[in-house]
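Protein sequences, first through last, are from chains A and B.
Residues 1 to 556 (the numbering used here) are what the first sequence spells out, left to right.
Residues 557 to 638 (the numbering used here) are what the second sequence spells out, left to right.
Please keep in mind that the hints were generated in silico from the structure rather than gathered at the bench.
Predicted model only: the values in this text are computed from it and were never measured.
Just so it is clear, CB atoms sit at the ideal spot from N, CA and C, and this is done for glycine as well.
It is possible that some hints are incorrect.
Heads up, simulated BS3-like pairs for lysine-lysine below, C-alpha to C-alpha not over 30 Å straight-line [said to hold, decoys possible]:
#1 A:Lys272 to B:Lys565
#2 A:Lys271 to A:Lys416
#3 A:Lys271 to A:Lys100
#4 A:Lys496 to A:Lys241
#5 A:Lys496 to A:Lys272
#6 A:Lys271 to B:Lys632
#7 A:Lys272 to B:Lys635
#8 A:Lys271 to A:Lys97
#9 A:Lys100 to B:Lys560
#10 A:Lys97 to B:Lys595
#11 A:Lys100 to B:Lys595
#12 A:Lys100 to B:Lys565
#13 A:Lys470 to B:Lys595
#14 B:Lys633 to A:Lys100
#15 A:Lys323 to A:Lys534
Which stretches of chain A does chain B cover? Using the computed rule of at least three CB atoms under 8 Å from a CB of chain B, they are [stated by the list, open to error]:
#16 71-81
#17 210-218
#18 302-312
Spelled out, the chains give:
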Amino acid sequence: MLLQYWIWIAVGISFSIYIAIAIISRASSTGEFYIAGKGVPSIANGMATAADWMSAASFISMAGIISFNGYDGSVYLMGWTGGYVLLALLLAPYLRKFGKFTVPDFIGDRYHSNIARSVAVFCALIVSFTYIAGQMRGVGVVFSRYLEVDINTGVFIGMLIVLFYAVLGGMKGITYTQVAQYCVLIFAFMLPAIFISLMVTGNVIPQIGFGSAGSDGIYLLDKLDGLERELGFHKYTSGKKSTLDMFFITAALMVGTAGLPHVIVRFFTVKKVSDARKSAGWALLFIAILYTTAPAVAVFSRTNLIETVSNKSYADLPEWFEKWERTGLIIYDDKNQDGLIQYVADPEVNELKVDADIMVLANPEIANLPNWVIAIMAAGALAAALSTAAGLLLVISSSVSHDLIKKIIKPDVSEKGELIAARLSAVGAVVLAAYFGINPPGFVAATVALAFGLAAASFFPAIVMGIFSKKMNKEGAVTGMLIGVLLMLFYMTKFKFGWFGGGTEKDWWFGISPEGFGTFAMMVNFAVSIIISKYTPAPDGEIQELVENIRNPDDS
Amino acid sequence: MNIKQNYWKTNLKYLVVLLLVWFTVSFGFGILLVDQLNKIRFGGFKLGFWFAQQGAIYVFVILIFVYIYLMNSLDKKFKDEK
Chain A
1 MLLQYWIWIA VGISFSIYIA IAIISRASST GEFYIAGKGV PSIANGMATA ADWMSAASFI
61 SMAGIISFNG YDGSVYLMGW TGGYVLLALL LAPYLRKFGK FTVPDFIGDR YHSNIARSVA
121 VFCALIVSFT YIAGQMRGVG VVFSRYLEVD INTGVFIGML IVLFYAVLGG MKGITYTQVA
181 QYCVLIFAFM LPAIFISLMV TGNVIPQIGF GSAGSDGIYL LDKLDGLERE LGFHKYTSGK
241 KSTLDMFFIT AALMVGTAGL PHVIVRFFTV KKVSDARKSA GWALLFIAIL YTTAPAVAVF
301 SRTNLIETVS NKSYADLPEW FEKWERTGLI IYDDKNQDGL IQYVADPEVN ELKVDADIMV
361 LANPEIANLP NWVIAIMAAG ALAAALSTAA GLLLVISSSV SHDLIKKIIK PDVSEKGELI
421 AARLSAVGAV VLAAYFGINP PGFVAATVAL AFGLAAASFF PAIVMGIFSK KMNKEGAVTG
481 MLIGVLLMLF YMTKFKFGWF GGGTEKDWWF GISPEGFGTF AMMVNFAVSI IISKYTPAPD
541 GEIQELVENI RNPDDS
Chain B
557 MNIKQNYWKT NLKYLVVLLL VWFTVSFGFG ILLVDQLNKI RFGGFKLGFW FAQQGAIYVF
617 VILIFVYIYL MNSLDKKFKD EK
């Protein structure tokens with residue numbers, strides 16, 4: 001059967017499931033809309049968190065990025081998983097015990113200050129918007145590639161679907177749709193990976209396969225190191241980045257993960273404190289399945305690519321090469337007119353440009369897998385993009401309707417009024433996100449990675465100290481958050497957009513890249529908060545009691 | 557009051573130990589000591605590279621489940637003592 005029919009079938013079936021789930025589990029109260037009525041079982045919440053977490057970028061781009069960067073790509077693998085340890089140990093159980101709706105709720109109540117709450121709302125909105133604009137674009141790209149519509153139509157279709165089930169279902173609807181989306185996306189990612197591992201190494205498990213030998217008896221990683229060196233690239237298993245920068249980027253991604261509002265809020269949705277710990281464990285387990293497979297896929301596809309194209313005659317290449325060339329994601333320019341492909345590190349001689357996204361998308365074709373596998377990949381990529389966009393949307397809408405309207409602007413708003421406000425702000429947020437998806441500001445790609453730095457520099461210290469220190473007060477926390485987030489914004493705009501005089505790699509402070517600077521800004525946040533809290537009065541007895549209370553298990 | 561303080565202190569002790577492991581496998585083995593560990597090999601993997609792309613993630617998962625187990629026992633003990 002034709003590929004396009006298979007894709008329509010796979011996408012059609014999966015979407016009908018999501019919409020049916022959204023209708024069945026629609027929200028009827030603000031509690032259900034914001035945190036699914038605290039009734040989500042921990043395994044389901046773990047799956048939903050995993051789907052929420054793994055965006056189109058994790059699904060499509062990550063393996064490709066690792067493929068081209070080798071060891072340096074480890075920052076993403078460790079950074080985007082290690083944060084869950086921090087979440088499970090330092091944040092999730094206590095925030096669940098606190099038992100309100102949002103992150104600004106915690107910061108506002110713990111520091112007993114509407115200024116603290118407003119600063120937290122401001123940070124939540126900045127972080128979520130930088131993140132969602134990139135997601136909507138991703139939704140558009142995926143739709144356009146698989147359904148053969150143009151990108152803007154793709155963004156538009158994606159917007160309608162997300163709108164439908166996020167606005168109707170709230171957190172409750174989103175959570176159960178995400179459970180279904182996780183199943184689709186993990187199946188879609190694993191299936192080709194297993195097939196390829198079996199073909200290349202004879203091992204069914206990709207995680208073991210990429211450390212095994214190919215049919216020629218040479219270990220795959222050694223062969224790849226050799227190939228890379230031969231072509232003048234950097235050795236795959238060692239890195240180009242400085243140790244200090246690796247350290248700072250990994251830390252920023254880890255702490256940022258733990259500080260992202262759309263991740264934290266997931267732990268408000270379970271029944272008990274112990275369930276919050278359990279969901280974090282399940283979430284990481286489900287995420288780890290994809291994250292440990294991605295580096296294997298990276299090695300298989302990198303080796304495949306080099307062996308298929310390097311010094312081969314252009315005329316003899318397999319069909320997929322030409323197909324991806326038409327999309328502009330592979331560019332071949334025969335500089336020396338010899339009809340062969342020179343794929344080398346030296347830009348003067350190199351004749352081939354390959355977009356990182358291809359590594360996952362073209363995998364099934366390179367491995368000659370049947371059309372229905374490619375169709376499932378399409379459904380998986382769409383599931384990944386939609387689930388993340390929906391989760392972010394909810395954070396934005398609850399920040400506006402709950403944190404701003406209910407808590408600050410109009411505290412006497414009725415439950416019904418607040419629910420309407422929540423739905424309206426979800427609509428507003430989708431429209432704005434879609435606008436950015438259709439007219440992407442140049443900075444989107446650059447800032448998605450930096451959203452982690454912003455989250456690390458702002459929320460993480462304020463929440464952790466709010467739980468682990470009874471002495472931390474609003475003066476310290478608010479100043480810390482503001483200085484942290486402003487410092488991060490300053491460094492990011494200076495080196496990414498050339499504001500404040502701009503600068504190049506040579507001007508980086510201590511050689512830390514903007515991606516890793518969140519760690520530095522976080523340390524400044526911690527230091528400033530602690531120093532200021534020493535010179536200002538400790539919080540009153542009521543707050544001390546609140547802290548005491550969140551530290552103790554459920555039924556005390 | 558004492559039971560509560562004990563509970564919290566034990567919790568903090570668990571946190572320190574588990575976070576030390578967390579730091580060691582990722583920042584330690586995967587980044588700071590990667591070159592030294594890469595001299596050791598098992599199968600086709602260099603050890604440092606393996607920790608950075610596989611091992612650290614497995615340990616992370618185990619750490620959370622260990623913490624879940626420890627805290628569930630601690631919660632139970634806490635309830636019994638009360």
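Tested hints:
1. Restraint check: the Cα-Cα separation between Lys272 of chain A and Lys565 of chain B comes to about 21 Å, which is no more than 30 Å; the hinted pair holds.
2. At roughly 24 Å between alpha-carbon atoms, Lys271 of chain A and Lys416 of chain A fall within 30 Å of each other, so this suggested pair holds.
3. The straight-line distance between the Cα atoms of Lys271 of chain A and Lys100 of chain A is roughly 13 Å, inside the 30 Å bound, and the hint therefore holds.
4. A threshold of 30 Å between alpha carbons decides the hint, and for Lys496 of chain A with Lys241 of chain A the separation of about 18 Å falls inside it, so the pair holds.
5. Taken as a hint, the Lys496 of chain A and Lys272 of chain A pair is broken in the structure, with Cα atoms around 43 Å apart against an allowance of 30 Å.
6. As the CA atoms of Lys271 of chain A and Lys632 of chain B are separated by approximately 17 Å, the hinted pair is consistent with the 30 Å bound.
7. With a C-alpha separation of about 15 Å, the suggested pairing of Lys272 of chain A with Lys635 of chain B holds against the 30 Å cut-off.
8. Restraint check for Lys271 of chain A and Lys97 of chain A: the C-alpha separation of about 10 Å stays at or below 30 Å, so the hint holds.
9. Distance hint between Lys100 of chain A and Lys560 of chain B is fulfilled; the C-alpha atoms sit about 23 Å from each other, no more than 30 Å.
10. Pair hint Lys97 of chain A plus Lys595 of chain B does not hold up; C-alpha atoms about 46 Å apart against a cutoff of 30 Å.
11. With a CA separation close to 50 Å, the supplied pair Lys100 of chain A and Lys595 of chain B exceeds the 30 Å bound.
12. In summary, the hint linking Lys100 of chain A to Lys565 of chain B is supported, as the alpha carbons are separated by about 26 Å, within the 30 Å threshold.
13. Between the alpha carbons of Lys470 of chain A and Lys595 of chain B the distance comes to roughly 46 Å, so the proposed pair goes past 30 Å and is violated.
14. Using a Cα cut-off of 30 Å, the hinted pair Lys633 of chain B and Lys100 of chain A holds, with the two alpha carbons roughly 27 Å apart.
15. For the hint pairing Lys323 of chain A with Lys534 of chain A, the CA-to-CA distance comes to about 64 Å; that exceeds 30 Å, so the pair is violated.
16. Counting residues of the segment 71-81 of chain A whose C-beta lies closer than 8 Å to any C-beta of chain B gives 6; at least three are required, and the coverage claim holds.
17. Three residues within the 8 Å Cβ limit are the bar, and the segment 210-218 of chain A against chain B gives 4, so the coverage statement holds.
18. With 0 residues having a Cβ less than 8 Å from any Cβ of chain B, the segment 302-312 of chain A misses the three-residue criterion, and the hint is violated.
Checked against the numbered hints above, the structure breaks hints 5, 10, 11, 13, 15, 18 and satisfies the rest.
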